[in-house]
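Asks: Produce the entire structure from the sequences given, and follow the hints as far as they go.
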Amino acid sequence: MSRTTKICSIVVIGIWLLMALAPSLLAPGDPLAINPTEAFAKPGFAHFFGTDESGRDIYTRVIHGAGDSLAIGLAATALGMGLAIVLGTIAALSPRWLDEIILRVLEALYAIPSLLMALLIIAFTGPGVGPAIVAVGLSTAPGYARLVRSQIRTLKNSEMLEASTVLGRSTWLKVRNHLIPNALKPLLALVTLGIGQAVIWAAALSFLGLGTPPPAPEWGAMLSAGRTYLHLAWWMSLFPGLAIVAVAVCATLIGRALGGKVKSL
Amino acid sequence: MNTIAWVGRKVGGALVVLWLVASAIFIAIRLIPGDPAEAIMGGPGSQASAQALAAARAEYALDQPIITQYFLYLGKLLTFDFGTSYSLKQPVTQVMGEVLPNTLWLSLMALLIAWLLALCFSALAMRAGRIGTFVGNLLEIIAAAVPHFWLGAVLIMLFSSALGWLPAVDNGTGRGLVLPILTLALPLAGFLTQLMRDSLTEAMSSQFALAARARGESRLKLFWRHGLRHAALPALSLTGWAFSSLLSGAVVVEAIFARPGLGRSLLSAVLARDIPMVTGIALFSALVYIVVMAISEGIERMINPAGDPR
Chain C
1 MSRTTKICSI VVIGIWLLMA LAPSLLAPGD PLAINPTEAF AKPGFAHFFG TDESGRDIYT
61 RVIHGAGDSL AIGLAATALG MGLAIVLGTI AALSPRWLDE IILRVLEALY AIPSLLMALL
121 IIAFTGPGVG PAIVAVGLST APGYARLVRS QIRTLKNSEM LEASTVLGRS TWLKVRNHLI
181 PNALKPLLAL VTLGIGQAVI WAAALSFLGL GTPPPAPEWG AMLSAGRTYL HLAWWMSLFP
241 GLAIVAVAVC ATLIGRALGG KVKSL
Chain B
1 MNTIAWVGRK VGGALVVLWL VASAIFIAIR LIPGDPAEAI MGGPGSQASA QALAAARAEY
61 ALDQPIITQY FLYLGKLLTF DFGTSYSLKQ PVTQVMGEVL PNTLWLSLMA LLIAWLLALC
121 FSALAMRAGR IGTFVGNLLE IIAAAVPHFW LGAVLIMLFS SALGWLPAVD NGTGRGLVLP
181 ILTLALPLAG FLTQLMRDSL TEAMSSQFAL AARARGESRL KLFWRHGLRH AALPALSLTG
241 WAFSSLLSGA VVVEAIFARP GLGRSLLSAV LARDIPMVTG IALFSALVYI VVMAISEGIE
301 RMINPAGDPR
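Taken in sequence, the protein lines are chains C and B.
Position one of the first sequence corresponds to residue 1 (the working numbering), numbered consecutively onward.
Position one of the second sequence corresponds to residue 1 (the working numbering), numbered consecutively onward.
Warning: the hint list may mix true and false statements.
Claimed, not checked - Which residues of chain C face chain B? A partial, calculated answer using Cβ under 10 angstroms:
#	residue
1	Glu-107
2	Ile-112
3	Ser-114
4	Leu-115
5	Gln-197
6	Trp-201
7	Ala-203
8	Phe-207
9	Gly-241
10	Leu-242
11	Ile-244
Said to hold, decoys possible - Quick list of simulated restraints, FRET-style, between CB atoms:
#	chain 1	residue 1	chain 2	residue 2	range
12	B	Leu-210	C	Leu-242	44 to 50 angstroms
13	C	Gly-168	B	Gln-207	46 to 52 angstroms
14	C	Thr-4	B	Ile-303	36 to 42 angstroms
Stated by the list, open to error - Stretch-level coverage of chain B by chain C, calculated; a stretch enters the list once three of its residues show a Cβ under 8 angstroms from a Cβ in chain C:
#	segment
15	18–28
16	150–160
17	246–255
18	264–277
19	282–292
I should point out that these hints are in silico values taken from the structure, not numbers from a laboratory.
Backbone N, C-alpha and C define an ideal beta-carbon position, used for all residues, glycine too.
Replies: In structure tokens:
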């Protein structure tokens, strides 16, 4: 990947973080303030991204929506990754029969498409932000767990572990000093990719009306509202979508860059 | 490993996976706090009638010991009996049978188009210069990252609202299928192109390609005879994954384009918390995934130039 794309993606992620942490700095307005007289205003100087059916400013809403999407993405990835690390490590280090069982369970989880798995969970829990996070986290866990398992298995047979065994180190010391640092580094690339994916999945659930409820400025929910007025007000759908795509593309680019670096380490 | 043993192993593995999925769903229904009969009927909010609850108790044999319930449930699944959808008051299998052809057709067409696009682009990429490669790279990443729900909206804005070329909602002429298929196919094509291009570049710059060129084979013939096989392999092994991502995508695409199908039935079942319908569709898609995986591995075995992959 070229320097330019790397710098661009870091800048975009930086802006995203700024939007999430200090939205009022970039958009001082109230994302929920309605103004019916200015409904469906076209993008222009008064409203950079136009307004929606209640006259709410889309630009302000996109900026304020960054926080939600970041929080959901981080929480879901943390949940999925945490579960994956536990399952993957147990599978890799345990005797063959237990490894086989965990593998089969992972395969079974993997057999249900991610969004379907998320929908399955929401069918049991009911819609909402919390269930959306759990749903996205659980549906991404099996993919990560397989990678964690293969990482650790490769390390398990490595010479440094053999050396520690010869030196008589305890299992815990081996796990702490060799397995965790060496297995986690490649996972960093995966986490970056995963956050981008989690943002998309969470937005998809909100888009389907199962995540963040409507008045909140969440990107997926905004797209869902814009769908009704697609022929009338394209800007309602275009800008929140661009925000999602920008975050997802940059997360992919950075994840790849990290992945390349890890490989050459 | 000979073919019969291989097929036996695959079928056995698939059955174990399906059994695990079914068991997980069985446990999940019992883990919902409160009355399982009520959970099956859409949770406490649905205010199911006493009769409906009694019917659900009888259908799921909830008065029996849990082990009996479990085996009765597995027995029903073996005969493709997924229970009765409480929101539609019809057997789940019947509802699925009605909408399935729509989704299957949509997914297969999208898979085909994605494959064709990926093949064309990876072949074109072989001839691209520096700027072409850069643009191609970026386009692939963007295509792969674009969520279906936004791509669908953008395609409607562009081809339906602005240009007026294609209808957003199917009017029965088949032209209405173009946008939904493209919405599903473009992100997948992005993924497949990334994969194919990598292995194609590798194959075309390998020793055997050089040898073939030295024998006087043309570049085109080399591409058809050798490059394509190598390019297709990694993409083929992802077909199972691709199909399951298409099923996920179908939920969104069928919602945007107001098309009847498995995805749309699933979504309305989730909104109604219609557990038999939701679990039926989830089990069915697990079955589809496993079958598609097995078939694609079989094809892979046949065309892999290195012979038996294991």
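Asks: Each hint needs a verdict: does it hold in this structure or not?
Replies: Evaluated hints:
1. Glu-107: 5 angstroms, holds
2. Ile-112: Check passed: Cβ of Ile-112(C) comes within 5 angstroms of chain B, closer than 10 angstroms.
3. Ser-114: 6 angstroms, holds
4. Leu-115: For Leu-115(C), the interface hint holds, since the closest Cβ of chain B sits about 4 angstroms away, which is under 10 angstroms.
5. Gln-197: 9 angstroms, holds
6. Trp-201: At about 9 angstroms, which falls below the 10 angstroms cut-off, the nearest Cβ of chain B leaves the hint on Trp-201(C) intact, so it holds.
7. Ala-203: 7 angstroms, holds
8. Phe-207: 5 angstroms, holds
9. Gly-241: 4 angstroms, holds
10. Leu-242: 8 angstroms, holds
11. Ile-244: At 6 angstroms from the nearest chain B Cβ, Ile-244(C) passes the 10 angstroms test, so the hint holds.
12. Leu-210(B) x Leu-242(C): 44 to 50 angstroms: 45 angstroms, holds
13. Gly-168(C) x Gln-207(B): 46 to 52 angstroms: 47 angstroms, holds
14. Thr-4(C) x Ile-303(B): 36 to 42 angstroms: 39 angstroms, holds
15. 18–28: holds (count 6)
16. 150–160: Held - the segment 150–160 of chain B has 6 residues with a Cβ nearer than 8 angstroms to chain C, which meets the minimum of three.
17. 246–255: holds (count 6)
18. 264–277: holds (count 8)
19. 282–292: Our answer is that it holds, as 5 residues pass the Cβ test (under 8 angstroms) against chain C, meeting three.
Every hint from the earlier list agrees with this structure, and none is contradicted.
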